Amino acid sequence: MSPKQLQSAAIAIALVALLTLPVWMGNGYYVNVASQILLFAIFALALNVLVGYGGLVSLGHAGLFAIAGYAGALMLDAGYGHFAAIVIAIIVTLASSAVFAVLALRTTGISFLMITLALGQIVWGIAYRWASLTNGDNGVNVTTRPTPFGISLAGAEAFYYATLIIFLIAVVTMAILVRSPFGAALRGTRDQERRMNALGYNVWLIRFLSFLFSGFWTGISGLLFIYYNQFISPQVSALTSSAEALLMVISGGTATLLGPIFGSIIVVIMKNVVSAYIERWNLVLGVIFVAIISFMPEGLVPGSVRLWRMGWQALRTRWNGSAVRQPEDGSR
Amino acid sequence: MSLWLTLAVNSIALGGLLFLLSSGFSLIFGLMRIPNLLHGSFFMLGAYFGVTILSQNVNFWVAALASGVGIAIIGGLIERFLLRRLEGQVLPQVLLTLGFAFIISDVCLMIWTGDPWQPATPDHLRGALQIAGLFFPLYRLVIVAVAVVIAIALWLMVDWTRLGAMIRAGVDDAPIARVVGIKVSMLFTLIFALGAGLAGFAGVLGAPYLSVYPGLDFEMLPLALIVVLLGGTGSLLGALVGSFLIGFLYNFGQAMFPDLAYVILFLPMLIVLVVRPQGLFGRAIS
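As you go down the protein sequences, you meet chains L and W in turn.
So this note's numbering is basically just the index in the first sequence, starting at one, shifted up by 11.
So this note's numbering is basically just the index in the second sequence, starting at one, shifted up by 577.
None of these hints come from the bench; they were simulated from the model.
Quick caveat, the model's predicted, so the values are computed rather than measured.
One side only, chain L facing chain W, incomplete, derived with CB under 10 Å:
| no. | residue |
| --- | --- |
| 1 | Val113 |
| 2 | Trp292 |
| 3 | Val301 |
Here are the in silico distance ranges between beta carbons for each label pair:
| no. | chain 1 | residue 1 | chain 2 | residue 2 | range |
| --- | --- | --- | --- | --- | --- |
| 4 | W | Pro699 | L | Gly147 | 32 to 38 Å |
| 5 | W | Ile688 | L | Val27 | 49 to 55 Å |
| 6 | L | Val27 | W | Asp750 | 55 to 61 Å |
| 7 | L | Leu216 | W | Pro791 | 41 to 47 Å |
| 8 | W | Glu796 | L | Val298 | 19 to 25 Å |
Beta carbons are placed, not taken as given, at the ideal position from N, Cα and C, and that holds for glycine.
Let the sequences and hints guide you as you build the complete structure.
Right under this line is the structure:
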């Protein structure tokens, strides 16, 4: 089979696996974990548009995630219907993304990162301290899930399928964006800002639109989150959440479509497992960051492949003994 | 003393603390362009060190200096052995410092528990000074005095000494500075250690006033950040002005709009970003 066919086959297998997941998973708990992975994968994919393809590292995306969540939750809390809450939440998130983008895109690189960090902290400050609006540390409850076309999403399975459909739409739109001329232009602004400018591209506008696109999907994942969790608290907007999302993007490998998805699988499973045994998720998160940077700067997936290859090669050299001593490096 | 005067004195004292915190951040982030997300953690860790040393009945200033030096050593080691290998790579530097920030916050939670620690104001700093018929708490004044002394010392060092000239040369054009025989790497380690040490020192100095508690690190980091972005990256004068501005805004905001106090802090930064992206006293980046 050619690589192209192989790829199609892999995608088909993954699709079938995803579609039948509740059947072979059985247990509702694991189906819920799968929903969690999918909704965070949307978040990671959205962030990756900026981090991977745009070269703009945002540490404030948890702020946008939380804005969507809070807007939806507060609308529902005020007695509005699901449709109104979702539409308003998306509008609010897009408007906030535009504000974030206008402020942060005054600069790039390290200053961009610092400004998004500050903006994220503002959202945290509002969520945590403006108690009369956001109910402060007590958070906001979301009592019901929506019933699109009369289908109840209350069960784990139904919610999983709803999340899956949205996830697939997100992946397809991302794939289209990445392969479109706009996606190429975005990568161009990442690699050669000046040349893109000279070629007549409006670098700022390209980045701005990408930020809005990223903000839109971040908002969608934020809404999925409140419907999944049925509760939102300031913790969602904390720097830790932005860092987790960044970890998902980076651990899988940036500027790929599959990377953030794998990243969210790794991070969500790890978080669920670690939290079940110890209370030290922050410590584990920190150690992972330091370890990734020290041992696999290219990301967990490519990095593991490299380390595996190195280990394999070392083993082979030992087995073959002194007869065929391979050169230590340069063979690849 | 009237409420407004109390607020003003507190604002100036907080401004002094913020300057000690953000001057180091200005050197590291503004001058060396390292996104040091550990800076709040240095502050908190320094404060915890200080609290522990103080509980052994050690003199307040000795404790503050000792934990400042301790944090400087930790900062220097992190720069020398980890950050150095990532020179010029923003994303890995961010992840590394962020990773350490999470580790430090969790380890502190383990060692010093979740309860806040507030050392008593040292005896010789209690009481008040009478100026023009008004009483000013001595401890607050001393914080400001220390900040001003350090501000002058830093300014003299960066702008008027040979060391400062070498630092500026290393920042402006590292390869050429190396060619003429300046040990840029060592200088950078030194600055990083100095910045970290100042944050640790500020942590102890502020402990009787702010107290130390989990989460202090990520509360102080954005403050250092807005001070530096507001004042202009790399500008000590900017850090000084920004610190006092934020000090006032924090205390008066807290008194007048308690719900929004934290958000108000960011307003001047946002306005400055729109009107003058390089900050109040920053050099325009061409």
